[in-house]
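What follows is the residue order along each chain.
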Amino acid sequence: MKSNVSRRSMIGRVGAALAGLLAAPAARTVRAAVSKGLVSPGAAQGYDPLQHKWVMAIDVNRCIGCGFCVEACKTENRVPSGPYYRTWVERYIITRPDPGAGTARGETLVDSPDGGMRGFGEPAAPERIQHSFFVPKLCNLCKHSPCVQACPVGATFDAPDGAVLIDPKYCIGCGFCIQACPYGCRFLSPATHTAEKCSLCYHRITRGLKPACVEVCPTQARVFGDLQNSAAEDPIRQFYQNNRVQALKPHLGTDPRLFYAGIDKEVR
Amino acid sequence: MTNAITNLVAELTPHFEGYVYPNEAARQPLWGVLIVLYPYITGLVAGAFIMASLVRVFKVKALEPVYRLSLLTAFAFLLCATLPLLCHLGHPERCLEIMMTPHLTSPMAIFGFIYAWYLMAVLLLELWFDYRQDFVQWSQSATGFRGILYRAFTLGVTDESKAAVGLDMKLGWVISIVGIPSAFLLHGYVGFIFGSIKANPWWGNALMPIIFILSAMASGIALCVFNYMTLTWIRRHSTDMRCLDAMGMFLFYALVVDAAVEGLDWIQRIYSAEEGFQLLRQLATEKLFYTLNVGQALLGTAMPLLLLGTLQVLRRRIPEPARKRMYFASAALILVGVLAMRWNVVIGGQLFSKSLRGFMSYKMDFAGMEGWFMGAILLALPFVVLTVLVKLFLAERLPGGQAEPHLSAHE
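For the protein sequence lines, the chains are C and P, in the order given. Sequential numbering from 12 applies to the first sequence in our numbering. Sequential numbering from 5 applies to the second sequence in our numbering.
There may be inaccurate statements among the hints.
Computed footprint of chain P on chain C, listed as stretches where at least three residues anywhere in the stretch have a Cβ under 8 angstroms from a Cβ of chain P [as the list claims (entries may be wrong)]: (1) 162 to 173; (2) 177 to 186.
Not close to chain P: a few residues of chain C, all C-beta gaps over 10 angstroms, as computed [said to hold, decoys possible]: (3) Ala27; (4) His63; (5) Gly76; (6) Pro94; (7) Glu101; (8) Ala112; (9) Asp125; (10) Ser143; (11) Lys148; (12) Ser210; (13) Arg215; (14) Val227; (15) Tyr251; (16) Asn254.
Simulated from the structure, these hints should not be mistaken for lab results. Glycine residues also receive a C-beta, built at the ideal position from the N, C-alpha and C atoms.
With the sequences and hints as input, model every part of the structure.
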């Protein structure tokens, strides 16, 4: 009787192990199918998000503040006119300290007229400038995105290929993600009443093209690539190889995947 | 043009000081007066329920005259609590997605469940168990629509035996016990919606849920004092001073603890002076000067503390009419003060840029979804609902010849 029970339990265990073995690939298939489903409707047909890891980087030393990237983004993504931006450029002017002030630097003045879309006018007092530079801003592609965490319905999500996307058909327009984003990268579209943000031009990158802002940048200040399919000589690998990089607001623990080279401590 | 017509106060273009992120220059603030009302109303629910629990769970006999009024107040305000949130959504027609396909890491999604739990499993059940025997009796004597209504409310359970009524009481008590942590959870969670936003130094604070709960208790008890005194005044009844004194005492203690914790929060902020502190200081001393220093601190906290504190010490020496006025003034001031506190949290948190380099301005419109008018309607609505509930369940002349709402079940 005792051996019968033992045999039965053994059969049970073997059965469970077999079921587990059979279920594992099935679960993986389901997970892959779900992951594939989690791509923007703008993605190309047959595009496999599991085969890519998109990333962007900014070399601030190269940016000339022309604003082409902002204009290209607005046009390409039909961003509503007015103060709504998926990407923008900020100008930082750090003035010389007043004589006898006993400080290393003067004031920090920041501006971004029309998101930098039409370039920047002459600074008020050029002779007072100690440093001046331009900083392109966009979604920071956080690994621990506060926007994704905050969205009450999961309309904002991390795509498996590294993009942080919004499903506009699902967004309820509560604005919680906009409040949660520390970088001011989101806005509530006056046209759709849903949240909007940089999608890395998902409709382009899934077709083998670069994001519009990267495409038009005349100085290659914006570097874009696929970490899963890039050789050592690719610009994105070269960027990491040649620069010491920094992320914005690292103390918040969002772990941005968007890295900057050449920024100043004043940049937030 | 429409804007020019509807803006009765003054026409102002968006105004900025310093640098704000370009997207922050769009619609400011993103969360307007409706989101101010949402935590305010939710807090009143939690506070009023805790007031009722003092009778049911903690057996504070003196408060029995306001037990049912507190429960009905909590219920009326809970029914309206999510309306401001709903009106604010870009796509209100998708609101049920929060419940149907919730994203479990989102405080807002979890709030949907906590709200549903509180409404369905706590308040409605407690009210039903408390009123069931009355419904049975009223349905026998009331005619017409009221009779149908009371019959429907019995849900077909017409057993009036001692055992059945005893079971009602027992279950009501159990639900009250479950209800206290639920009320804390309900409003603590509203605090967490703001406290969880680490991107905003004005909001991202571990003390936020606790501050919200404590201010909710003060405002909820104040609302019960306000409602009780208004109701007795309308009905030309005499005020039960024992009950009013007891309410005043609990109001005083709630306010002392609330003021102490909010004070601690400020001391901690000032001492640690983290990134953005200069900005927050400017916010407190300039941008929110009237609503924070005058509305919340002076009128909403210091004055009621003084009035209620005086009443605690010199109660016997102050004549009854003066005491009544002092209680009423304290309750009204606390209600205004807590509304100012919600304003300071919600609007204050959106008056500065997350770049920590500049300020935005805010002028409330008169008309429109986020205007004064809509805000006033949404704030008045719970009182309208409460009036209907009081007419139905706390009427002066209830069917069966009862002159006053009876509390025999708890006596």
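Does the claim that C/Glu101 lies outside the interface with chain P hold up, using a Cβ gap greater than 10 angstroms?
violated (8 angstroms)
Interface-negative label, C/Arg215 against chain P, beta-carbon threshold 10 angstroms
holds (22 angstroms)
Taking the closest pair, is the beta carbon of C/Gly76 still more than 10 angstroms from chain P?
Non-interface label on C/Gly76 holds, nearest chain P Cβ at 14 angstroms vs cutoff 10 angstroms.
If we take the beta carbon of C/Ala112, is the closest beta carbon in chain P still more than 10 angstroms away?
holds (18 angstroms)
Are there three or more residues in the stretch 162 to 173 of chain C whose C-beta lies within less than 8 angstroms of some C-beta in chain P?
holds (count 4)
Per the stated criterion, does the least C-beta distance between C/Ser210 and chain P lie above 10 angstroms, as a non-interface residue requires?
holds (15 angstroms)
When you look at the beta carbon of C/Pro94, is every beta carbon of chain P farther off than 10 angstroms?
C/Pro94 is in fact no farther than 10 angstroms from some Cβ atom of chain P, at 4 angstroms.
Test coverage of the stretch 177 to 186 of chain C by chain P using CB-CB distances below 8 angstroms; three residues minimum.
holds (count 6)
No chain P beta carbon within 10 angstroms of C/His63's
holds (24 angstroms)
Please confirm whether C/Lys148 is truly not at the interface, meaning its C-beta sits more than 10 angstroms away from all C-beta atoms of chain P.
violated (8 angstroms)
Over 10 angstroms to the closest beta carbon of chain P is the bar; see if C/Ala27 clears it.
holds (29 angstroms)
Say whether it holds or is violated: C/Tyr251 keeps its Cβ farther than 10 angstroms from all Cβ of chain P.
holds (27 angstroms)
The structure fails hints 6, 7, 9, 11 (numbered hints given earlier, in ascending order).
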